[in-house]
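Single-letter residue listing:
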Amino acid sequence: MTDAIEAQSLQKTYGDVVALDGLDLRVEAGTVFGLLGPNGAGKTTLVRILATLLQPTGGRAAVLGHDVVAEPLAVRRSIGMAGQLAAVDGELTGRENVEMVARLYRFPKVEARRRAGDVLDRFGLADVADRRAATYSGGMRRRLDLAAGLIGRPPVVLLDEPTSGLDPRSRQELWVIVEELRREGTTVLLTTQYLDEADRLAQRIGVVDHGRIAAQGTPAELKAAIGENVLRVRVDPAVVADAAAALAGLGSGDEPRVDAAGGEIRVAVADPAVSAEAVRRLDAGHVPIAAVELQQPSLDDVFLTLTGRPAEAPSTHDIPAEEAA
Amino acid sequence: MTSTHFPTRRRLTPAEMVSDTSVIAQRQLRKVLRRPMYVVYLFVQPVILVLLFRYVFGGAIATGGVSYVDYLMPGIIAMTAVFGALTTGLGITEDLAAGVIDRFRSLPIAHSALLIGRTAADLATNAVSIVVILALGFVIGFRPSEPVWSVALALALILAFAYVFSWISAFVGISVRNPETAQSIGFIWVFPLVFASSAFVPTDTMPAGVRAFADVNPVTLVVDAARALMIGHGDALAPALGTLAWLAAVLVVFVPLSVRALRKA
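Those protein sequence lines, which keep their order, are chains A and B.
Taking our numbering, the leading residue of the first sequence gets 1, the next gets one more, and so forth.
Taking our numbering, the leading residue of the second sequence gets 1001, the next gets one more, and so forth.
Quick caveat, the hints were computed from the structure, so don't treat them as lab data.
Misleading hints may appear alongside valid ones.
Stated by the list, open to error - Quick list of the computed label-pair ranges, beta carbon to beta carbon:
#1 B:Arg1263 with A:Glu255: 46 to 56 Å
#2 A:Gly124 with B:Ala1110: 28 to 38 Å
#3 B:Val1040 with A:Gly90: 17 to 27 Å
Just so we're clear, the structure is a prediction, and the values are computed from it rather than from any experiment.
Glycine included, C-beta positions come from ideal geometry on N, C-alpha and C.
I would like the entire structure built from these sequences, with the hints used as guidance.
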């Protein structure tokens, strides 16, 4: 097994703030790896180090065997990147934007034009290719940004929260693109805050917490650990203890998690049919029910299960030292 | 064939750097042409100042036998060029905020190509704006006494000056990252240079301290040289050499500083 992306004890600190705390990561060539974590967990820092935009303060990282510090140019020849911002020029047309990036990969003019046409076609931007990018919707701008990142057909693609802030339809369209990359055998490192996104796209998922990988495995392993579904029961906060007692032992894994003030109880369940059982038990215990709902586990559920803490967003992790001090 | 075009080589060839630089410069020029308000901004301020000095302050400024409009125009042209250089830094802060610089930095190109391309495009924009101001000067009575080549030499010197100042502006932009801050810092370092100089008034009426500053101020040097080359006012060689010395010094300091700052941005 060859690793397309490799990080060993990777460290990045900004003054007192630790963004990456000895992170270890291996991404097998030709696979999609999903990095799941809240804001401030260190996901963006990792992507920026792998893209040679930031220098680590310790440890090492390599892309296709090229060290990110010693051989930045070789790394940049191997990667395509799309970040949280759609880094496109609004004054230029979609075509001009991707053609420019193709020229910076030093494709000859004719080849750059051909590739630009292809990639715009592929990302459903052919009709608007000659309109200025400023007139594009948010989803179209992201796709254009991704098109620019992929125009060199890089073997390794880094996607930093590619769907954050997008409407459901645009998210879907981006997912289709990532699935296509996966079929073509491109190595993709994708960061996300959404469990469903990582589940759908990635062959392996790493959960990032405070600058390190807290857990990793296949989506199936991860879901086995946290439960396929989460049963969410809402009751009057006054009777929340009675409700919790009635639901004890119902779930597939840990005890129910109780939010007393909010009157909410969350239970990881393997079998969706238990929601009926939950209603029966609460009814038998004379606990009035406000709502019972079966949900997919959220990022919070993952974090509570794997780290025992909710997915907090320690805002200082985003801030470089000068500002945090 | 002894070419070293295998994909892991560590350095870029000069031809690759030229190609990257020209792509970056073209991008910038396209953007300028498509942003009409930006072009207006480039001209409005100098045009207002030309008219203000020519018709409001000019009558009260003694320039020792030279008509004020002739005295003024080399100064206004230099000021236009220096203000034009400020747009380099502003543009870089915008590109940083938009993530465009990150995109470029993730590509296999030289960081210096980003800055050389950008400053070259700003030089072209600046050349157009000083030609516009020169034309306006002719309309309001500017009559250079020197031959065309000499006037052209003056304009070239001013443009070289503006180009070098683009690098200071670039460094400030990369360092502060924020467009508003870059703008205010720009005014802080540019205003004293432009106004405590011989651009609008002779330095000999200034108090001793200010005058000492004005006389070594590179803006004074370039304006004095331009004035000599355009209207035959004073000696050209000494201030021209002084200007070139300044420009060389600024380039030696700010080119590496800016490239390094961009690498870490």
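Margin query: Taking the earlier hints as the rules, which of them does this structure contradict?
Written below: none
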